[in-house]
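Undergrad: Generate coordinates for the entire structure from the input sequences, incorporating the hints supplied.
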Amino acid sequence: QRLKLNGQILQLIFEKEGVYLHTNAKRSNQDTSIPGFIRIVERAGLPALEWSPLEHDSRNAPAVLYSKKDGDGGEEDTNFDPGYEPDWAVISTVKKEREHVPVKNSGQWAFSLPLSELYSLRRSRFSLGRNFLVLTSRGGHPLPPLHFHRGGTRELLRALQRYIILDPSPLDGRLFLAYPQDSGTLPQSFDRLQFLDDGGIDLVSRFIHDPYATTFGGFSKVTNFFRAALRPPESPIHTRTPQDPSLPPQSDEEPGFELITCGVELGPKPDVTRGPPLDKWEEFLDSEGRVTCPEKIKELVFRGGITHSLRKEVWKFLLGFYPWNSTAKEREDILRVKTDEYFRMKVQWKSVSEEQEMRNSLLRGYRSLIERDVNRTDRHNTFFSGNDNPGLTLLHDVLMTYCMYNFDLGYVQGMSDLLSPILFVTQNEVESFWCLTGFMELVHQNFEESQEAMKQQLLQLSILLKALDPELCDFLDSQDSGSLCFCFRWLLIWFKREFSFEDILTLWEVLWTRLPCENFHLLIACSILESQREELIGSNHDFNTILKHINELTMKLDLQSVLRGAEAIYLQLFLCKELPVMVKQVLGLYVPPSSEDESPDSQASETQRVLSQSQEGAAASNPACGPSYP
1 QRLKLNGQIL QLIFEKEGVY LHTNAKRSNQ DTSIPGFIRI VERAGLPALE WSPLEHDSRN
61 APAVLYSKKD GDGGEEDTNF DPGYEPDWAV ISTVKKEREH VPVKNSGQWA FSLPLSELYS
121 LRRSRFSLGR NFLVLTSRGG HPLPPLHFHR GGTRELLRAL QRYIILDPSP LDGRLFLAYP
181 QDSGTLPQSF DRLQFLDDGG IDLVSRFIHD PYATTFGGFS KVTNFFRAAL RPPESPIHTR
241 TPQDPSLPPQ SDEEPGFELI TCGVELGPKP DVTRGPPLDK WEEFLDSEGR VTCPEKIKEL
301 VFRGGITHSL RKEVWKFLLG FYPWNSTAKE REDILRVKTD EYFRMKVQWK SVSEEQEMRN
361 SLLRGYRSLI ERDVNRTDRH NTFFSGNDNP GLTLLHDVLM TYCMYNFDLG YVQGMSDLLS
421 PILFVTQNEV ESFWCLTGFM ELVHQNFEES QEAMKQQLLQ LSILLKALDP ELCDFLDSQD
481 SGSLCFCFRW LLIWFKREFS FEDILTLWEV LWTRLPCENF HLLIACSILE SQREELIGSN
541 HDFNTILKHI NELTMKLDLQ SVLRGAEAIY LQLFLCKELP VMVKQVLGLY VPPSSEDESP
601 DSQASETQRV LSQSQEGAAA SNPACGPSYP
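Residues in the sequence shown are numbered from 1 upward in steps of one, following my numbering.
For the record, the hints were derived by calculation from the structure and aren't laboratory data.
It cannot be assumed that every hint is accurate.
[Said to hold, decoys possible] Within a straight-line C-alpha distance of at most 20 Å, the following computed PhoX-like cross-link-like pairs (lysine-lysine) qualify: (1) K584 with K269; (2) K556 with K577; (3) K577 with K269; (4) K338 with K312; (5) K280 with K296; (6) K329 with K346; (7) K329 with K312; (8) K338 with K296.
TA: As structure tokens, then:
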């Protein structure tokens, strides 16, 4: 419906009468309850939430634009009381101190709030059963409470979700944080994966606009709608030849299946044993504090992880904060320089005024997403639990500083999951930041807008699984699950949500060694899928129940069994004499043929060496340098 308001032609999206504005004007003769209309309108295509009093001609009365400042000489309005604990108090460790809002002409209570400036809304109920809403702008400033004497809050929230995402606060179910539909690189780019078509049901909309939240918790509610929505588009297959592996895969290409048309003849999986965690450090250092044998340390870490008391030191080497060949004195200098560099970047965002930030949509968007994710990341861990926990402040500040370090990428949902274990281990702001940058060097492409890296990893996972278990692949294909989209969460943040917090510490340090091959995290995924093959095939799961089953594996997987399975898969593939080139490329084993090929005897010797090393690695306790994985 179109209406004319203040000389403008507007598109009326929603309207509700009987919405009272309670001014709580205790020190004046004004009415404390003013009846009016609440509307959602589009002005030149931009949506806004507006309220106007009933006593005026609501179709022609001018709307006062709600703002933090309105010209010169504005006075602070203290006549209204929101009657609730404001959002800045709920997120007290990361929000700026609240300011009251001066409103021009306090007798004119009409307002217009662009939905892009809506930060949160709180839905509450009086003892008489009437609902009221308190809206807060992105500056942290609440509007006067709106009381719905004739109902309608649910309808209003439903209409708002046409333009914004309303996310319930994990601390208070009555508080909803508002985000624009395009509020992150990941939600935008995930749509480009072509896993989903446009759909009208709520879950599909949530999946497109917030895949982080939906894939992390919503697969148990999938419906048959997803069967069609997630099916890859039918189109001609674009094949690639082993002679030209550099060509990028086409977006509609089946993941390598034309090159691996039947099962590879693999031998039995070798027995693999795990070892104890690395529990000695000083004996690996020379008189100047230089690490004498980095490869031996990486092998021991790969075989058994690191005892917790040493993680704070060893992680800084694994993540590139300290070079392996640095002396103790050089590391002191590095720490001093990196500390100065960190705080220079931190000052950049800390010194941005509110006025500047209101004109910097990127920074404002990064801050909004960070505040949202900080409030829901590992809150079960005592280091991040509670409302006034300094760990939350550190988590927020490090992520905001990373936006200054890598402004092109900025912050994308999921990065908080990568930082929290690092911050937990280092318990140091500067060290955790530089360790995060080292981690992001490995996985930053997962968060890029094009999502090409995520598509490529799903393709590579399909190639591996096709070689390892063609029967399982055929079954998944038959249930429209051959895209392996249910592994998206695994690969995005390296299984952070699949294992316990303590297990993740071990898994990540194993993966950071980069042993025994490239893309070992894909073999972790294969190990999990192979461990579930009988359940998947034997129970004849369909598309929906496959998604549900995979999602419900969270916290039920045994890490050591998964690691043993992944290494056994690697050795099984490595020992295969006719391994397809595509598989070799995924594992980093492909070597272009040369005129001087290795002899069969030398190949057999190398195979035996790798197998022997795997079987004996768990018993390795000698700190002397030994052979590393190829």
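Undergrad: So, for every hint listed, does it hold in this structure?
TA: Here is what the structure says about each hint:
Of the supplied pair hints, the one linking K584 and K269 holds, its CA atoms being roughly 17 Å apart against a limit of 20 Å. Taken as a hint, the K556 and K577 pair is broken in the structure, with Cα atoms around 35 Å apart against an allowance of 20 Å. For the hint pairing K577 with K269, the CA-to-CA distance comes to about 14 Å; that is within 20 Å, so the pair holds. For the given pair, K338 sits about 17 Å from K312 by alpha-carbon distance, which is consistent with the 20 Å threshold.
Distance restraint check for K280 and K296: the Cα-Cα separation of roughly 12 Å lies within the 20 Å cut-off, and the hinted pair is therefore satisfied. Under the criterion of a C-alpha separation no larger than 20 Å, the hint pairing K329 with K346 is inconsistent with the structure, at around 26 Å. Using a Cα cut-off of 20 Å, the hinted pair K329 and K312 holds, with the two alpha carbons roughly 18 Å apart. Between the alpha carbons of K338 and K296 the distance comes to roughly 28 Å, so the proposed pair goes past 20 Å and is violated.
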